[in-house]
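Chemist: Next come the chains, spelled out residue by residue.
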Amino acid sequence: MNTHAAAEPLVTPGPETAFERPNYLNAAYGLRSWLLTRDHKRIGILYLISISVFFAIGSLFAFLMRLELLTPEGDLVQPDTYNRLFTMHGVTMVFFFLIPSIPAVLGNFLVPLMIGARDLAFPKLNLASWYVYNLGAIFTLWAIVNGGVDTGWTFYTPFSTSFSNTHVVSTALGVFITGFSSIFTGLNFIVTIHRMRAPGMTWFRLPLFIWSHYATSVIIVLGTPVIAITILMVAAERLLHLGIFDPKLGGDPILFQHLFWFYSHPAVYIMILPAMGVISELVAAFARKPIFGYKFVAFASMAIAVLGFLVWGHHMFVSGQSIYAGTVFSILSMLVAIPSAVKVFNWTATLYEGSISYQTPMLYALGFIGLFTLGGLTGVMLATLGIDVHVHDTYFIVAHFHYIMVGGAIMAYLGGMHYWWPKISGRLYPGFLSKLSALLVFVGFNLTFFPQFILGYLGMPRRYWAYPPEFQVLNVLSTAGASILGVGFALPLFYFIWSMRYGKRSGDNPWGAVGLEWDTTSPPPTENFYTMPVVTHGPYEYNREEVHNRMTEEKTLG
Amino acid sequence: MNPELPFFPEAASTVAGDVDVLFITWSVISAFFTLLIAGLIVYFMARYRRRHPEEVGARERTALWLEVAWSVIPLLITLVMFVWGTRVYFKIYRPPADAIEYTAVGKQWMWKLQHPEGQREINTLHIPVGQPIKLKLTSEDVIHSFFVPAFRVKQDAVPGRYTSVWFEATKPGVYHLFCAEYCGGEHSRMVGSVIAMEPQRYEEWLAGGAGGKSMVASGAELFQQLACDTCHRAADNTGRLVRGPALDGVYGSEVQLASGGTAVADDNYLRESILNPNAKIVAGWQPVMPTFQGQVSEEQLTQLIAYVRSLGAGEGTAAAGGTGGPSHGPLDSAGGQIDSPAPQTAGPAKPEQQ
Amino acid sequence: MASLADTHTPGAHGHSSLQHQFDTMEQQKESSTLGMWVFLVTEIMFFGGLFLAYVAYRTRYPEAFAAASHTLDVTMGAVNTAVLICSSLTMALAIWCAQTNRRKGIVLFLLLTILLGAVFLGVKAVEYADKFEHHHVPGASFQFHTEGGHTGAEDPNLAQHTQLFFSLYFVMTGLHATHMIIGIAILGFLAFYAWRGRYDREYHNPLEMTGLYWHFVDIVWIFLFPLLYLLGAHAS
Amino acid sequence: MAEHDSPEKTLRTYILVFVALLVLTFATVLVARINFGAMNDVVAMAIAVTKALLVILFFMHVRHSTRATKLTALAGFFWLALLIGITMLDFKALGKIMDVPLQGVEAPVPGK
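Chains as they are written, first to last, in this note's numbering: chain W, 604 to 1161; chain X, 3 to 356; chain C, -12 to 223; chain U, 2 to 113.
These are computed hints drawn from the structure, not numbers from a lab. Please note: incorrect hints may appear among the correct ones.
Below 27 Å or equal to it, Euclidean Cα-Cα: the simulated DSSO-like pairs (lysine-lysine) are [as the list claims (entries may be wrong)]:
1. W:851 <-> U:93
2. X:114 <-> X:173
3. U:93 <-> X:136
4. C:16 <-> U:93
5. C:91 <-> U:10
6. X:136 <-> X:109
7. X:93 <-> X:173
8. U:71 <-> C:16
9. X:109 <-> W:851
Bound conformation, chain W alone (with noise of 0.2 Å):
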């Protein structure tokens, strides 16, 4: 436990403004001070630069497809091209944006702050967690520059070793480097919870952002590692034809498809337990109250991260699997999902009674709880054996498995953006604006994909460049409502790094929330806090004096 250093104490901030006073954006400044910092809240920074990049080059893939998919007739690239676009959004997306996102960004820069640590417990291996990112992306953007991958992001033998010509070896590099950043990044959050937590912060009393960064640490440093070797041994079948997976020299294809879903499933639980961390913080600021039933959403988290991984074969019900593994499948799979319906009623439950306001961040929570709740429930659907086998690889699991990352992993992490970005920046956002491209993110998504659910149960298969003509009015929609998503996530990126330079000062506590980082400055001092916090009460105490006095100066935002 952090009992009181002897480190000479830092002098609490005068009457002067946050920007006079030193904090971690003025500490130092240069690109050396950038790009060799140990400070956990710079190292979330760069990340915040790295993903947005990849998010971009995701999105641009994104839209070309869906420009495609505008007529049954590929009209705009040839199919070997629309292979290597389908196949460069996943895996940009999943492996380059939507792992890294929430942790590396908001878990980097808030875990400390939130448990009332000084820095991560490992702050070189932080750093150098963000270079083997950048590594594994220059391996995976030569790739792409030189004409990409086209054997999908799951890389499916025998056609990923022995049928396809494209990049797969570079690209499959790319992914083995960047998993030891997520390794890092997971293993560095462990063992900063359980041994740098401040004098009182006892498990229960830590903020449900915490919990759900712990669980999925835990998926990542137990599941990165099985897809690190899958992929190495994908690559090296490629270059020494070993013949591991190759069904000619005796190797079994189906024992890829264990080995790379052991990883993949929990990987989408590595992409949802952060968003629904954010979740947790913005109902509980918003409405001013506890969360209902804590102690039910935090073992949530931790249920999801160990149930996560006895689930993976529903994803190869109609595989060549035996029946009797699916059927053992399929009920670990309608279990996995009571802990997340468990989660969706607690947020639910913990707006009665609260004092609810609408700023931005809500909005975008309020609409993760929805969309979640449809993506979750369609899950369950697919888990149910019956449907399965009709749906599997068609349009259906593409809405599906959207609805959960777009409708919640990327709604939370705008929401996690909008909440935190005074306690980064110092600075406030347009009000109004923010509010507009959220709503616009919330139409232009579901216009998006509810025509996919339809396409999918039609029978529209996923990954086709050409399809038969019925099908084409839901996907001229489909495409409508991604141009109205890609404005919707487009106008945030202008509006922050508007409000780097001209936002209006936030001061430290905007919002009038609960909690260690907002009892810091904003933006906070490289060692975080002026005098070592120690905790004497829960995370969300929103009924007690001196945080009934503090709101009294909060200024409503606009």
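Add chains X, C and U to chain W, keeping to what the hints say.
Modeler: Below, chains X, C and U alone, put in the same frame as chain W:
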């Protein structure tokens, strides 16, 4: 599209109705819970909106009964749906006894389909209505997936192994056939149609079409051509060496293996024994059989297996002749230690590659 | 993979080597141990994928695996196992010397561990050379003749599956050898710093972390040896 | 640091563990000579697991490290068992039920 219901696929197989009912039930449940949550959120947003900046929400409260309720109720719903879904799944993957076996071989970007009567088609499959059809699938290169949306069935064709699915058309018509597992450049071109026809029109089509030899007949012909019968013969009194187990009545029976285990002589076992004879050697026999890897194509393999099946349980055709002896031929009197001469390669005439 | 050991600037003794984010040396040591074990868990799952491939293919092609394993030299494998166990002992003794402030002892045992590691790699090199000579290396040049083994007939199908065994053999032992090389490199740095007197009773964290890593690599071999070498031995 | 054990005692434990490991290695090679049929793997793995436990508990000092470290070590091996155990669930049953009509069980003719 289904003429009656807009945006709903046609139901043209016996199992389609069950899948649709299951799907609609789940959709109703999902819609109910989504609207419940969305409705609660909208109501709470209106009812508990913040009146003045200093307002704070109520004190923390947890209700154990509520937590148990919204854990157990979803659990019960999912268990019921699991049982129902699994029953439909078993119905899709357990063919009835009277199913006729067709064969589908996926090859990069075409479906090669073969009727039991020997008729071969590419990307189109004519089937009689009202007759359960068991489809045996395999692939020659990458993983493909045989998907007929109107029949609600889908099954991956995996290279190196047989997988199977069955369906029974209920309505004549032309239905889409897709490849659902991504298989490379022309994945979206690997489509076709399944044409369900009234039984007598199917017979006419069959007769009209190029009536190729039946699978069993071409299998028997291959059995001779590849000199399989030089070893696999019932013991007869001509004193010729018997070095391979006679195959009549073998299909589906329990076979005693040299390595001590037993195996069911099913399609996979026969396929493996032709391509990789030493994997499972029958007890009491020397491993002298050469491999036919690379000498027989997928279709010829299925024809050979169809022929061996036709030898099952006594309806031995002319080729087998001899008594339906015990499943593995008698050893020679010296206790089976035939010093088998170096296995002279059977040197079969090179069957023309497909 | 930046291993944990060199992420701590091994400063002078006592407080100076206490990282700014920690409060006490005790907390720093417990954090690095926990961090190292979390890293070892990722290594367990990393090798785990290969063990799964081994278990899956051995249940499918038992005869081929037995025939192929029979060609491996059991005595060399046993000697290698003993060498690695000795290196584990010398590693533990190096840490013991650090705990009892025996500076020369640390350097001696670290060098001994490096030597034993090198011996292990030497024996592996000999075995690999033997494989190349018998064309047992997967790829185009692969040939497999069962010298009077229990199968008798030389048969390309069996060879296919033995090639599978040798693929797994080379990937597993190759990955293990790579981990050995990384371990030896780190031990080299530690020996140099130990010789300069940096480690003592209060501060020898990097030694402990590398010790954990080294013992883990030894455990992987403890499982590899029976699975790869002893499979074929009792078949004859 | 094993404060509570005196250095001499730790030294003795190291030597004892070292000897035990060598004996077990010799044993596993000897035992492999005798053919126990299916039991070979069980015996070989039992010996390997004991050797691994010896190294983990004594050489890696897990015996007296924090609860979190012990839990991490346990979780690692448990998840390895999960990966292999559940996947073998499919490999073992492969082909038995999938494409062979379930003999003996008269498939209920659907909806006729």
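Chemist: Regarding the pair residue 91 (chain C) and residue 10 (chain U), is the alpha-carbon distance no greater than 27 Å?
Modeler: 21 Å, holds
Chemist: Holds or violated: residue 851 (chain W) and residue 93 (chain U), Cα atoms, limit 27 Å.
Modeler: Holds, at about 21 Å.
Chemist: Are the Cα positions of residue 93 (chain U) and residue 136 (chain X) separated by 27 Å at most?
Modeler: 24 Å, holds
Chemist: Hint check: residue 93 (chain X) vs residue 173 (chain X), CA-CA at most 27 Å. Holds or violated?
Modeler: 19 Å, holds
Chemist: Taking only the CA atoms, is the gap from residue 109 (chain X) to residue 851 (chain W) under or equal to 27 Å?
Modeler: Status holds; Cα separation ~15 Å.
Chemist: Quick one, are residue 136 (chain X) and residue 109 (chain X) close enough, alpha carbons at most 27 Å?
Modeler: Cα-Cα ~20 Å, so holds.
Chemist: For the pair supplied as a hint, residue 71 (chain U) and residue 16 (chain C), is the alpha-carbon distance within the 27 Å limit?
Modeler: 15 Å, holds
Chemist: Does the structure keep residue 114 (chain X) and residue 173 (chain X) at a Cα separation of 27 Å or less?
Modeler: Roughly 24 Å between the alpha carbons, so the hint for residue 114 (chain X) and residue 173 (chain X) holds.
Chemist: If you draw a straight line from the CA of residue 16 (chain C) to the CA of residue 93 (chain U), is it 27 Å or shorter?
Modeler: 45 Å, violated
Of the numbered hints listed earlier, the single one contradicted by the structure is hint 4.
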